[in-house]
Amino acid sequence: MRQLLRPSIIFSIFAFSLAAFAQSVFATDTAFHASLIWGTDEMKPDKKDLRELDPKTKEKLKSIFKWKNYFEVDSQDFKVSTNEFRKLKMSSKCEVEVHNLGKDGMEIKLFGEGKLVKKIKQQTPILESLVLAGDDINSSAWFVILAPITK
Amino acid sequence: MRAEKWRPCSQDSSGRNNMNIDQTVKLQAYLDNEVSSAEARETAAWLARDPDARQLAEELTLVKKLMAEGEVAVKLPESREFHWSKIQRGIAQVEPRSEVRRSRAPWWARILGPVAAAAAVVLLMVASGSFDVFRLKSVAGGAQEIETEEPTDDSGAITFRSHREGMTVVWIPSGR
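As you go down the protein sequences, you meet chains B and X in turn.
In terms of this note's numbering, the first sequence has 130 at position 130, counting the first letter as 1, and numbering is strictly consecutive.
In terms of this note's numbering, the second sequence has 8 at position 8, counting the first letter as 1, and numbering is strictly consecutive.
Please keep in mind that the hints were generated in silico from the structure rather than gathered at the bench.
Glycine is no exception: its CB is placed at the ideal position from the N, C-alpha and C atoms.
Check the hints yourself; a few may be wrong.
[To be verified] Pairwise CB distance ranges, derived in the manner of DEER restraints:
#1 B:Gln123 - X:His163: 15 to 25 Å
#2 B:Lys89 - X:Arg161: 20 to 30 Å
#3 B:Lys87 - X:Arg164: 27 to 37 Å
#4 X:Arg110 - B:Lys79: 46 to 56 Å
#5 B:Lys115 - X:His163: 31 to 41 Å
#6 X:Phe160 - B:Glu59: 14 to 24 Å
#7 B:Arg86 - X:Gly90: 58 to 68 Å
#8 B:Glu59 - X:Pro114: 50 to 60 Å
#9 X:Arg164 - B:Arg86: 28 to 38 Å
#10 B:Asp77 - X:Pro173: 47 to 57 Å
#11 B:Lys115 - X:Ser162: 26 to 36 Å
#12 X:Ile111 - B:Gln123: 31 to 41 Å
#13 B:Arg86 - X:Pro114: 37 to 47 Å
#14 X:Glu81 - B:Gln123: 26 to 36 Å
With the rest of the complex left out, here is chain B (with noise of 0.2 Å):
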């Protein structure tokens, strides 16, 4: 019985080993494009630093969402490589953690002051964008925007 199975444990250590060499080896970024954006009936404030959003993902969520206008509070590109996670503080409030789970899709975890309001694992990789929303204060919105950039 020992002799049959030492054979198939050198056989898996093996396997094992090799596998996570060509993963460390073949490991790819993925790049994303996220963004924050605060949906609204109302016309834009004067003292809030927003940004105008471009007019392609403007028209996108207009024809999703109910609101009238969309303005970007904050937006990065960043890359995060599989089997790693990358955090991003989109405003005071808001953070948005990627972890990039290769064949397995993507974990995000979206943070509110702190505290983890979400959990997402998507089974396949992110191949269009995900939204993440939410309603707000006064009839407006809040959209996490994460995009994937295609080169």
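With chain B's structure known, arrange chain X on it following the hints.
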């Protein structure tokens, strides 16, 4: 005899069929041959002198006849005993087979099976590169981060996809 009146729904404007429940039950029992000979004689005499009772008796007889004729006879495809005997035979056929299988398998084969299955799972995980847990431990330095399994559509959040805009939206209502 008629102190307490029962008014059935078949009562007409002339006030016929005015009988109490006991009388109606007694009449029904008479029509079903469920009374003694003395009671039968008494009821027959009552029917002869009371037109209301005769009318009710006719109605009850008619209802009984209609129910007997209108009820569709359903024949079971097989008797209950035969149905259960088939189940018993099925169980009896399965049980000895599993006993034989257990008794024929040697002890080492019973151990080798789970071991081989576990090894296959490990190899599959290795082959697919699903060992990020170990990598994450070294990066994050804690086991708390290794909670990766959570559905996107759990309670409270709404997930939908806009094909036209190429966007997947997870809507998180306020208060979460």
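Tested hints:
1. B:Gln123 - X:His163: 15 to 25 Å: Given about 18 Å between the Cβ atoms, the range holds.
2. B:Lys89 - X:Arg161: 20 to 30 Å: holds, 28 Å
3. B:Lys87 - X:Arg164: 27 to 37 Å: holds, 32 Å
4. X:Arg110 - B:Lys79: 46 to 56 Å: holds, 51 Å
5. B:Lys115 - X:His163: 31 to 41 Å: Holds: the Cβ-Cβ distance is about 33 Å, inside 31 to 41 Å.
6. X:Phe160 - B:Glu59: 14 to 24 Å: Given range 14 to 24 Å: holds, Cβ gap about 18 Å.
7. B:Arg86 - X:Gly90: 58 to 68 Å: The hinted range 58 to 68 Å holds for Arg86 (chain B) and Gly90 (chain X), with Cβ atoms some 59 Å apart.
8. B:Glu59 - X:Pro114: 50 to 60 Å: holds, 57 Å
9. X:Arg164 - B:Arg86: 28 to 38 Å: 30 Å Cβ-Cβ, so the 28 to 38 Å window holds.
10. B:Asp77 - X:Pro173: 47 to 57 Å: violated, 30 Å
11. B:Lys115 - X:Ser162: 26 to 36 Å: Given about 29 Å between the Cβ atoms, the range holds.
12. X:Ile111 - B:Gln123: 31 to 41 Å: holds, 35 Å
13. B:Arg86 - X:Pro114: 37 to 47 Å: holds, 40 Å
14. X:Glu81 - B:Gln123: 26 to 36 Å: Hint violated: Cβ distance 53 Å, outside 26 to 36 Å.
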